[in-house]
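Asks: Numbering-wise, the UniProt record's numbering puts 275 at position 275 of the sequence shown, and it's gapless, one number per residue.
Among the clues, some could well be false.
Quick list of in silico lysine-lysine cross-link-like pairs, DSSO-like style, CA-CA up to 30 Å [what the hints assert, rightly or not]: (1) K34 <-> K111; (2) K283 <-> K439; (3) K471 <-> K414; (4) K451 <-> K436; (5) K374 <-> K472; (6) K618 <-> K593; (7) K189 <-> K84; (8) K189 <-> K124.
Each pair of labels, with its calculated beta carbon distance range [said to hold, decoys possible]: (9) N140 <-> D47: 39 to 49 Å; (10) A364 <-> A288: 54 to 64 Å; (11) A582 <-> K84: 47 to 57 Å; (12) F135 <-> A183: 32 to 42 Å; (13) E137 <-> D44: 42 to 52 Å; (14) K82 <-> G167: 30 to 40 Å; (15) N308 <-> T511: 40 to 50 Å; (16) A288 <-> K569: 42 to 52 Å.
For the record, the hints were derived by calculation from the structure and aren't laboratory data.
Predicted model, so just to flag it, every value in this text is computed and none were measured.
All C-beta atoms in this analysis are idealised placements derived from N, C-alpha and C, irrespective of residue type, glycine included.
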Amino acid sequence: MENKRHFVIDFDSTFTQVEALDVLGEITLANNPKRDSKLQELKDLTDLAMGGKLAFRESLEKRLEILDAHKDEIPQLIARLKEKVSVSFVRNEEFFTEYQDRIYIISNGFKEFIVPIVKEYGVKEENVYANSFVFDENGNISGFDQNNVLSSNNGKVELLKQLDLKGDVYVIGDGYNDYEIKAAGLANKFYAFTENVERDNILDKADHITPSLDEFLYLHKMNKAISYPKNRIKVLLLENVHADAVSIMKNEGYNVSTISGALDEEELAEKIKDVSILGIRSKTQLTAKVLENANRLIAVGAFCIGTNQIDLEACLKKGVAVFNAPFSNTRSVVELAIGEIILLMRNLPDRIAEMHKGQWNKSAKGSYEVRGKKLGIVGYGNIGSQLSVVAEAIGFDVYYYDLVEKLALGNATKCHSLKELFEKVDIVTLHVDGRKENKNMIADKEFSWMKEGSIFLNLARGQVVDVQALKKHMESGRIRGAGVDVFPKEPKTNEEEFESPLRGLPNLILTPHIGGSTEEAQVNIGNFVPGKIINYINTGSTTNSVNFPNLQLPILENAHRLIHIHHNKPGIIAHINRILAAHDINIVGQYLKTNETIGYVITDIDKEYDADVIKELKGIEGTIRFRVLY
Numbered sequence: 001m002e003n004k005r006h007f008v009i010d011f012d013s014t015f016t017q018v019e020a021l022d023v024l025g026e027i028t029l030a031n032n033p034k035r036d037s038k039l040q041e042l043k044d045l046t047d048l049a050m051g052g053k054l055a056f057r058e059s060l061e062k063r064l065e066i067l068d069a070h071k072d073e074i075p076q077l078i079a080r081l082k083e084k085v086s087v088s089f090v091r092n093e094e095f096f097t098e099y100q101d102r103i104y105i106i107s108n109g110f111k112e113f114i115v116p117i118v119k120e121y122g123v124k125e126e127n128v129y130a131n132s133f134v135f136d137e138n139g140n141i142s143g144f145d146q147n148n149v150l151s152s153n154n155g156k157v158e159l160l161k162q163l164d165l166k167g168d169v170y171v172i173g174d175g176y177n178d179y180e181i182k183a184a185g186l187a188n189k190f191y192a193f194t195e196n197v198e199r200d201n202i203l204d205k206a207d208h209i210t211p212s213l214d215e216f217l218y219l220h221k222m223n224k225a226i227s228y229p230k231n232r233i234k235v236l237l238l239e240n241v242h243a244d245a246v247s248i249m250k251n252e253g254y255n256v257s258t259i260s261g262a263l264d265e266e267e268l269a270e271k272i273k274d275v276s277i278l279g280i281r282s283k284t285q286l287t288a289k290v291l292e293n294a295n296r297l298i299a300v301g302a303f304c305i306g307t308n309q310i311d312l313e314a315c316l317k318k319g320v321a322v323f324n325a326p327f328s329n330t331r332s333v334v335e336l337a338i339g340e341i342i343l344l345m346r347n348l349p350d351r352i353a354e355m356h357k358g359q360w361n362k363s364a365k366g367s368y369e370v371r372g373k374k375l376g377i378v379g380y381g382n383i384g385s386q387l388s389v390v391a392e393a394i395g396f397d398v399y400y401y402d403l404v405e406k407l408a409l410g411n412a413t414k415c416h417s418l419k420e421l422f423e424k425v426d427i428v429t430l431h432v433d434g435r436k437e438n439k440n441m442i443a444d445k446e447f448s449w450m451k452e453g454s455i456f457l458n459l460a461r462g463q464v465v466d467v468q469a470l471k472k473h474m475e476s477g478r479i480r481g482a483g484v485d486v487f488p489k490e491p492k493t494n495e496e497e498f499e500s501p502l503r504g505l506p507n508l509i510l511t512p513h514i515g516g517s518t519e520e521a522q523v524n525i526g527n528f529v530p531g532k533i534i535n536y537i538n539t540g541s542t543t544n545s546v547n548f549p550n551l552q553l554p555i556l557e558n559a560h561r562l563i564h565i566h567h568n569k570p571g572i573i574a575h576i577n578r579i580l581a582a583h584d585i586n587i588v589g590q591y592l593k594t595n596e597t598i599g600y601v602i603t604d605i606d607k608e609y610d611a612d613v614i615k616e617l618k619g620i621e622g623t624i625r626f627r628v629l630y
């Protein structure tokens, strides 16, 4: 007979994403003039108790005193907490109903708000152990039942002794008092639940770190809502990728870790070994050497517009799909370009610097309006074309040059060469990508084509401009003002010093690669890129991939989906179909697209398959990667 298993689960920051008393504080202190400081004090007291650094009863007494709460505020608290149940718990509601006789919610919180929430998930009320409020004659919360063992220090340990559960006991929680149950010998294992909060001193004591309930269920081979172990998909996000991206991927069930800065080649080659999804911005270089170690890598997200920092061909050969955010920060870059042009046309960088030195230099000399001036845009893609529209709206005459035939927007005029463009316009702004062919595309010869006294902007890529040539032409006066946001060599972190021969030049705006760094742009990127990656993993769709053949696929229903990535050579799809036919497997849908390097075949089948089929499909000569969706 199977040994009976019992599951002891914490409530605050485990069953829910938040600490309930902190949320109650947001309600009760809403109109308090010291709201922010009191809420922070509440949080600090919670963290001290959960970290084992403050006696629990002392923490509880102090928190209730700060709260000054009334029983009429509890329904509002319950309503808010129902919206904050941990995502992986919601996703796995079936677990709670199937094992309701063995699931115990043991919390130092309060039954008054815990029971109404956990009951909705099938947890039995008699299996909820928590504190109880004490109310005065006016309904104010005046304290707690001090006879309840859970109101005392080491309360969870004492309660487990009383329960005397027979069989295996597994504890899932985020606090020190959850670990104490295991330390007292009353549980087989303690699982540190990190979906909502990570406490370093607790992680060190855990038998297993559990980023979601999916991970726990996977380890114990129990029913779960997800059809494959998403918790086993490890995500590494570098360079301060927006918090929305972290939340989206955690909510999907992935195991997410973050690093604030970029990594060099050796560091990334080591870190990437067990990573399934990598998210980077512009500073991290994903090279062929790094990819040699990336044997679990499925997809890469470039949380920016450009992808020149990624070896796309090496990714393709490895079967790794790459996604970026081609439109998400377009408006941010356009606004910076317009702003800098106006500043430079008015010679404001120098005037601002002089004022900070105490110099009053009131003069109209060298200061011009932008209306009627000729703006030259090099690169008429997403950014260049939108800049064209905005610039024309404020009075510019717009000219543009692009290697690819592009339709002129508004009254913009196309030029047939860089030389033609530069000889016509007063202002030049670059909006090209970082491909190898564009290195130093603007150098001494190109600057010499520009009008005397031109304004020049590079908000594109650092390597497309020869900075020594720019310096030379600024010093000669041919370029009387410039704005540069990108550089051939950029610091990896904010702690490194920025070095450039351009430092100190007059009427020059230097910015630290922030063209797309607005809150709006980062939110857009942080939501767009994870969505594309998750869709690729869940359905196989490669829409907006920059290196894979683009396939938009229907949602998988009542079938298995076989994804086969292979070198582009004749006969592969026929070989796949022969194998399926030999095993009497019916194909309900099939999709194929190729590029010069790979073929991408999606096959939906309507019945179970055996391991031999998978082995044979993986064994087809030329196979790069194979996976199955359920």
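Asks: Name the hints, by number, that the structure is in violation of.
Replies: The structure conflicts with hints 9, 13, 15, 16, although it agrees with all the remaining ones.
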